[in-house]
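Respectively, the protein sequence lines represent chains L and U.
Here the numbering used here is used: position 178 in the first sequence is 182, and no number is missing along the way.
Here the numbering used here is used: position 61 in the second sequence is 63, and no number is missing along the way.
No lab work stands behind these hints: they were computed from the structure.
Some hints here could point you the wrong way.
[Unchecked claim] Where chain U lies over chain L, by a calculated footprint (3+ residues, C-beta under 8 Å):
(1) 14 to 27
(2) 33 to 45
(3) 52 to 64
(4) 81 to 92
(5) 147 to 157
(6) 161 to 175
(7) 209 to 220
[Claimed, not checked] Computed, partial: chain U to chain L, Cβ under 10 Å:
(8) Leu-4
(9) Ala-7
(10) Gly-22
(11) Pro-31
(12) Val-34
(13) Gly-36
(14) Leu-44
(15) Pro-71
(16) Thr-73
(17) Met-77
(18) Ser-84
(19) Ala-109
In this text, all values refer to a predicted model and were calculated from it rather than measured experimentally.
Here a beta-carbon is modelled for each residue, glycine too, at the ideal position from N, C-alpha and C.
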Amino acid sequence: MSLLDALRHPAFSVAFTVLAYALALLLHRRWRWVSPIVAACIPIVALLLAARIPYAEYNRGGNSLTWWLGPATVALAVPMHRNGQRLRRSLPRLLLVVVAGAVVGMATAGGAAWMLGAPVSVVMSAVPKSVTTPIAVEVARELGGLPQITVALVILAGVLGATFGTAILALFRVREDRAVGVAIGSASHGIGTASLVRRSEMQAAVSSWAMAASGVVTSLLAAALAFFLHLARH
Amino acid sequence: MLDLARGLAFLVGFFFIGNGLHRLGVPIPGGVLGLLLLSGALNLGLVRLAWLQRAADLLLRHMVLLFVPLTVGLMEMGHVLSSQSVALIVSLLVSFVAVLLTTGLLARWLVAGLPSDAEVGE
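Chain U with its partners taken away, still in its complex shape (with noise of 0.2 Å):
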């Protein structure tokens, strides 16, 4: 329980700090500038991954549980979706397979004289 406390304090205190960059102009989400100064810390060792663990395995298997009120309020949405409907599908579909025949394709031939990095191990 305290070691989820820690972790919670930790993501929560560099969102702060990101959320507050971020006012003072720097053009990047205060969550992203949290998650970019944290792995800055874990790379330099100045926070331990294992502090963080437990906390953030728990926003991350429960997001879906986050976003279910911004999903709820599609039932306002309806004009939109009604009106916008094929612009929304088609968009959907063509990007999803652009983006993944180009970044599979791509890392395919990137990746292909690279050896398996499996046995680096953790």
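With the rest of the complex left out, here is chain L (with noise of 0.2 Å):
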């Protein structure tokens, strides 16, 4: 086996991936501005365009992280129950809101890609960039969207969220920790919520609660516009 060889490995690529993001991690631990996301990518695609290695044959290990995905958004059930335990009065109206903004990024997100002539793929692949990444991907897949696409929107929301999310609010007089966190949990989820756990622990409670709700109801949203695209077709 040579050298080449042994890069095309699917271990490798699992290897040389965990690896990536290690590193990423501590260069965003010395550096607060690195994206661990961006860095730990970074030298993957180096590589793979270096040593001529396609994105199909790296992904047979990639894959298998991939999948991890799916036990991830059942994790979510944790922060779900032990934030909303906590939450317990305000909940319905929380939910609410969190049907509320649903609705309207599955509208505006798509709405918009498709006045400016994107086709259906894209168009797809916009629709559930509000949420956390795993939910987003397999939504996005389930309409028919690229989940590569997804993942680069829904990375994006969640930086805007955290660096200007506060901000935005607080210009529309937006204080309150609860309306505050699940504005950011329903907009940017994750990496907002991050951003929120040094500014107040309520914020954060509600963000992390919010983001789980809003990839559960627009994961609902879109299993019912997939059926109505479907009636339509026929």
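From these two lone chains plus the hints, build me the complex, please.
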């Protein structure tokens, strides 16, 4: 087995990806502005291009990491349950807010892309862009979108929320902890939630609950959307 | 370590159940079905939060690692990214602001009269 063959082995893909991620975390710890996801992808893309390894081949190993997004989705039940218990009294109203946010998010993301002439696959990639990655990816697949495009949009929505979210909300005089939390969790999922941890425990708790709830609500709405699209086609 | 293994077994098990139901025709992703079933089990007290804590924290803390392979896949999406860049960027910005303000303003109005939950504790 030559060195190049070894590079194509699925186990190598997994090992190299974990290594790149570990390095990216170290860089992120040293310089906060380094994005872990971008820093992890750069050496991998560079290696694939340099060794002329097609993405599909890398992804035979990569897929086994992607698979764990399923159990990670299930794991969202933990913050949802933990924080949901704390919010008991406000929960029904916050759920209403999450549903409204999910409807608006799907309609505006898909609608804007559609009005600008994007093909259906791109429109459907945009529809779940507000929710946490593992759920967004599944929803994009069900709707016939491109999961890679969805991942990029989801990350950017998270970064926008983490960077400007609370400032935009403050501009509109939204400062109440539960309102800030539900807004950031709905618009910017885990990346936004992480940015609240240092600000306020209550905001982070609500945001963490909202990100899970919004993912569930979005996948239910997407199932209804897929059903109507199916009816319309026949 | 045993704690972690038990937690992962529960998460993977519920994911398999969710996937099974999805294959039988439930139009919701298997992971989300697993999440809903696990929430139900937690509410009924069939599964204890303590059994899951470590495994769930591990998966959620390192979720970025799990979507690295998909993000690397953007290298093959160059044509979509360049031809649809305007649609993608406008859709992202418009939808982000729309969601943030709808939820923020609606929540401010709806929870205005409610006492804070802070004192409820865990």
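Legend entry - Leu-44/U as chain L interface residue, shortest Cβ-Cβ below 10 Å: 5 Å, holds
Legend entry - Closest C-beta approach of Gly-22/U to chain L relative to 10 Å, hint status: 12 Å, violated
Legend entry - Outcome, coverage hint (the region 209 to 220 of chain L, chain U; C-beta under 8 Å; three residues): Since three or more residues must qualify, the claim that chain U covers the region 209 to 220 of chain L holds, with 4 doing so at under 8 Å.
Inset, instruction - Report holds or violated for chain U covering the region 33 to 45 of chain L, Cβ cut-off 8 Å, minimum 3 residues. - result: holds (count 4)
Legend entry - Given coverage of the region 147 to 157 of chain L by chain U, tested with a Cβ cutoff of 8 Å and a minimum of 3 residues: Contact hint for the region 147 to 157 of chain L vs chain U: holds, 7 residues under 8 Å.
Legend entry - Ala-7/U as chain L interface residue, shortest Cβ-Cβ below 10 Å: Cβ of Ala-7/U sits 13 Å from chain L, so the hint is violated.
Legend entry - Status of the hint placing Leu-4/U at chain L (closest C-beta pair under 10 Å): 18 Å, violated
Inset, instruction - Return the status of the interface hint for Pro-31/U: holds when the least beta-carbon distance to chain L is below 10 Å, violated otherwise. - result: 4 Å, holds
Legend entry - Restraint check, 10 Å cut-off on beta carbons, for Val-34/U near chain L: Given a least distance of 5 Å, the restraint on Val-34/U holds.
Legend entry - Status of the hint placing Gly-36/U at chain L (closest C-beta pair under 10 Å): 4 Å, holds
Inset, instruction - Using Cβ atoms only, decide whether Ser-84/U comes closer than 10 Å to chain L, and label the hint accordingly. - result: Since chain L brings no Cβ nearer than about 12 Å to Ser-84/U, farther than 10 Å, the hint is violated.
Legend entry - chain U covers the region 81 to 92 of chain L, three or more CB atoms within 8 Å, holds or violated: Holds: 10 residues of the region 81 to 92 of chain L have a Cβ under 8 Å from chain U.
When each numbered hint is compared with the structure, violations occur for hints 8, 9, 10 and 18.
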